[in-house]
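Number of protein chains: 2
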Amino acid sequence: MVQKFAVSDASFERSPGQDEDIFAANMVDQKNGGPITVGFGRYGPNQTLSEVLAVNDVMVVLSGKLSVTGPSGMVTGAVGEVIYMPKGEQVTIRSHEEGAVTAYVTYPHWQEAGTD
Amino acid sequence: MVQKFAVSDASFERSPGQDEDIFAANMVDQKNGGPITVGFGRYGPNQTLSEVLAVNDVMVVLSGKLSVTGPSGMVTGAVGEVIYMPKGEQVTIRSHEEGAVTAYVTYPHWQEAGTD
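Those sequence lines, one after another, are chains A and B.
Using UniProt numbering, the first residue of the first sequence is number 1, and each one after it goes up by one.
Using UniProt numbering, the first residue of the second sequence is number 1, and each one after it goes up by one.
Just so you know, the hints here were simulated from the structure itself, not pulled from any lab data.
A quick note: this is a predicted structure, and the numbers were derived from the prediction, not measured.
Glycine included, each C-beta is placed from N, C-alpha and C at the ideal position.
Check before you lean on any hint, since a few could be wrong.
Taking CB as the label site, the calculated pair distances span [claimed, not checked]:
{"no.": "1", "chain 1": "B", "residue 1": "SER11", "chain 2": "A", "residue 2": "VAL79", "range": "14 to 24 Å"}
{"no.": "2", "chain 1": "B", "residue 1": "GLY33", "chain 2": "A", "residue 2": "THR48", "range": "25 to 35 Å"}
{"no.": "3", "chain 1": "B", "residue 1": "SER72", "chain 2": "A", "residue 2": "GLY73", "range": "20 to 30 Å"}
{"no.": "4", "chain 1": "B", "residue 1": "ASN46", "chain 2": "A", "residue 2": "PHE12", "range": "33 to 43 Å"}
{"no.": "5", "chain 1": "B", "residue 1": "SER50", "chain 2": "A", "residue 2": "GLY88", "range": "31 to 41 Å"}
{"no.": "6", "chain 1": "B", "residue 1": "GLY33", "chain 2": "A", "residue 2": "PHE12", "range": "27 to 37 Å"}
{"no.": "7", "chain 1": "A", "residue 1": "ALA6", "chain 2": "B", "residue 2": "SER72", "range": "28 to 38 Å"}
{"no.": "8", "chain 1": "B", "residue 1": "GLU112", "chain 2": "A", "residue 2": "GLY33", "range": "18 to 28 Å"}
Just chain A, with the same shape it has in the complex:
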């Protein structure tokens, strides 16, 4: 079913495997029967998350700014920009002073693949 999601619809939960001020809210996932997960992420100011990507993960920055450091260097995404993170890479995601909100899409489902 075609669906529309706003950040205000999201029920954020702390991302597993970390104690930072980083939260995720799946809007579509394995429970919906499709192959992809869609959701929103919320990062407090100056938070850091390091992981080996268990899935392909695309983030669209909706507010604030995020930097992602991988084996080939660092990229920073501002509002309206897209960060692509392929499965298998070791990345460190870092928010800046203003925090960040993202929309994300993963394939396959990150909750089934594990997060680290």
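Once you've looked at the hints, dock chain B against the given chain A.
Below, chain B without anything else, positioned relative to chain A:
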């Protein structure tokens, strides 16, 4: 490789199978070896595109507004909102007076699956 994309990086081409003022620019696709396509879409004012979805398609609205009508009704996404369109549904995508820009993610690759 982790990558960051901005709309200003995009080389838009007219979406296949239609003569409307609707353009797409893949930033990551089958040529990159991963399973998902990532790109940007651009819609002129009051454009309409009807198709049966050959892939799962997620759009994040970056500017303007888009309405999508499917079998179960219509949703409208504004800036920062996400529209999820599952494979196999018949949809009509319509832009409004101000046009629209989107970021999209598809699984599998839409250029391999065909667009209608």
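query: Is the gap between the beta carbons of B/SER72 and A/GLY73 within 20 to 30 Å?
result: Given range 20 to 30 Å: violated, Cβ gap about 44 Å.
- request: Take the C-beta atom of B/SER50 and the C-beta atom of A/GLY88, compute their distance, and say whether it sits inside 31 to 41 Å.
  value: holds, 38 Å
message: Is 28 to 38 Å respected by the C-beta to C-beta distance linking A/ALA6 and B/SER72?
response: Since the Cβ atoms of A/ALA6 and B/SER72 sit about 18 Å apart, the hinted range of 28 to 38 Å is violated.
query: Lying within 14 to 24 Å: is that true of the beta-carbon distance B/SER11 to A/VAL79?
result: holds, 22 Å
- prompt: Regarding B/GLY33 and A/THR48, is the given constraint of 25 to 35 Å on their beta-carbon distance met?
  reply: At roughly 29 Å between Cβ atoms, A/THR48 and B/GLY33 fall inside 25 to 35 Å, so the hint holds.
message: Taking 27 to 37 Å as the stated bounds, is the beta-carbon spacing between B/GLY33 and A/PHE12 within them?
response: holds, 33 Å
query: Range hint 33 to 43 Å: satisfied by the CB atoms of B/ASN46 and A/PHE12?
result: With a Cβ separation near 36 Å, B/ASN46 and A/PHE12 satisfy 33 to 43 Å, so the hint holds.
task: Evaluate the given range 18 to 28 Å for the C-beta pair formed by B/GLU112 and A/GLY33.
output: holds, 22 Å
When the structure is compared with the earlier hints, violations turn up for hints 3 and 7 and for no others.
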